[in-house]
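Q: Sequence order for the protein chains is A and B.
Going by our numbering, 30 is the number at position 30 of the first sequence; the sequence numbering is gapless.
Just remember that our numbering sits 183 ahead of the position in the second sequence, which is counted from 1.
Simulated from the structure, these hints should not be mistaken for lab results.
Computed from a prediction, not measured in an experiment: that's the story for all the values here.
Even for Gly, the Cβ is constructed at its ideal location relative to N, Cα and C.
One or more hints might be untrue.
Said to hold, decoys possible - Just the calculated beta-carbon pair ranges, DEER-fashion: (1) K111/A <-> D484/B: 29 to 39 Å; (2) W358/B <-> P168/A: 12 to 22 Å; (3) G26/A <-> L201/B: 33 to 43 Å; (4) V354/B <-> D97/A: 29 to 39 Å; (5) D265/B <-> S176/A: 30 to 40 Å; (6) D139/A <-> F487/B: 24 to 34 Å; (7) S33/A <-> F206/B: 33 to 43 Å.
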Amino acid sequence: MADYEDTKAGHGHGETRRDFLYLATGAFGAAGSAIALWPLVHQMSPAADTLALATTEVDLSPIEQGQSITVVWRGKPVFIRRRTDKEIEEAQAVALDDLPDPQTDAQRTKKPEWLIVVGVCTHLGCIPKGQATGDRKGDYGGWFCPCHGSHYDTSGRIRKGPAPENLPVPDYEFLSDSLVRIG
Amino acid sequence: MTQPWMNNRLVRWIDYRLPMFSFMEKELIDYPTPRNLSYWWNFGSLAGIVLVIMIVTGIVLAMHYTPHVDYAFDSVERIMRDVNYGWLIRYIHTNGGSAFFIIVYIHIFRGLYYGSYKSPREILWILGVIILLCMMATAFMGYVLPWGQMSFWGATVITNLFSAVPIVGDVIVTWLWGGFTVDNPTLNRFFSLHYLMPFVIVGVVALHLVALHQHGSGNPLGIDAKGPQDKIPFHPYYTVKDMFGLCAFLTIFAGFVFFAPNFFGEPENYIPADPLVTPPHIVPEWYFLPYYAILRSITFDVWFLSAKLIGVVLMFGSILILFLVPWLDRSPVRSARYRPIYKQLFWVLVIDCLVLGWVGGNPPEGIFVIIGQIATLYYFAHFLVLMPLLSYIETPRPLPTSIGEPVLGGSGGPPAAAEQPMEKAQ
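Whenever a hint applies, use it, and build me the whole structure from the sequences.
A: Below you can see the structure in the form of structure tokens.
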């Protein structure tokens, strides 16, 4: 009882040991609940088999200049375009100030001839048009996303429309002149 | 007031232990209701009935549906072709979704017109907006289940909305998907949640009803009942009115189910989902078109905020703003009947929402972009500027002194004749 009085007097705000016990118990319970909740939240993240994704190897030899192919990597389409000299020139000539998401063409390619980008619009995940010959390629000769009207240039950079970022460049490596490994 | 069955000994035995009979008597039979409710007050109970229809047909459909990317589309086609009456049950369920939204939208606009959100019904209104949000989540996930092209690409576009969240956006999207694209894990969890959400809605509806019965329904005049002469018992007066409305609704509904079952649908969704081909024109279900138009109306960055982020915030904001309506509208007069300017602006808002829906259904090009931007601006201006402003500049017309007065004549006092309906119900 003496302790109780001491504590009370010591704080001078009417706080007691019991208040401390309430808070400590509450904090312990809250932290415990949060930890117990985590498995229920984290079970929704990609499972081990989903994460254990093979990389994709692509044979580039059949692709002619000016042609594009689409390959699947992590369930997403990857655009591989063997660019023409004109397309490379256009991509390199753009002033960085004109770009919503400034990146030089050199930062986005390992060999200027080959552009490799994830073919998923950075706006809301549609697949832009421009891979097939008859497709609308947009105002900048690259790709055009029909969902909400985003235009990408020949380096896969966003030029016009609601998409905030350039088409992402995946990790890739040239295993030889005609073989590339994505991922 | 006591119903004849209350004399039954078994009923009384049960009621003494579980007061279900007296509860029913109080809330469904005697429940005093304004005597002047119009047919615009039918849509609440109608929505409740459609919710039950959706749950019943949904449970039955789940007995035949397979939530797997390889089998989902085929299992739905099997329901349509092989399962006994599967076509009927599925068409009731798909059209029921559209009907549910039509009814709820009418219910919401009824509330906006007659000021149903004003004191003391603010929480009633907020619960209603929560129901709307739950319905939207349920409908969105349900639309993904048939795993057609629109299912897949609708899911892709909508889940990608969350990538607009700064810094953690991509983490959230991967978490929602359970992978790196919309795929089998996504389909599985959507099925699980699509089954759960209707029961969450039932729970919120129960709260909505408790809040409603606390102060009772509003009414077209927007004034409080002055006494018992202004109210009549719910049964038989409004049970019969609701039943009549239900019959009218079911007639129209059956017309769609049997004669135009795909009227609200998108032909593209009868093509199995293909993750490598985006349809040329992705449109959500019709009831999401206005929000979709708002999402797409932002085509420009503002300072450091990307167009995408602003579009997403405005899209969610267009619904969240409804939570604030009870405090944005400061006018003490509830019913638009007595608010000459608000009445007109209400109809402008209705037209604005229809325009947004029309824009949302068209490609985001040319004139549609401009119209969408103007309509979006007006939508927010209605709530954030016009609504608060009107409270100060509008002179309301004089209110009647009581609900009974225009019907019964005389003053708001309790004339003997007015009490007769109450007595008849005894």
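Q: Given the hint of 30 to 40 Å, check if D265/B and S176/A actually sit that far apart at their C-beta atoms.
A: 52 Å, violated
Q: Between S33/A and F206/B, does the beta-carbon spacing fit 33 to 43 Å?
A: At roughly 34 Å between Cβ atoms, F206/B and S33/A fall inside 33 to 43 Å, so the hint holds.
Q: Taking 12 to 22 Å as the hint, is the beta-carbon distance of W358/B and P168/A inside that range?
A: Check passed, 19 Å falls within 12 to 22 Å.
Q: In this structure, is the beta-carbon distance linking V354/B and D97/A contained in 29 to 39 Å?
A: Given range 29 to 39 Å: holds, Cβ gap about 31 Å.
Q: Quick one: are K111/A and D484/B within 29 to 39 Å, going by C-beta?
A: 32 Å, holds
Q: Should the hint that G26/A and L201/B are 33 to 43 Å apart at their CB atoms be regarded as holding?
A: 35 Å, holds
Q: Confirm or reject the claim that D139/A and F487/B have a C-beta distance inside 24 to 34 Å.
A: 25 Å Cβ-Cβ, so the 24 to 34 Å window holds.
Violated hint for the displayed structure: number 5, the only one.
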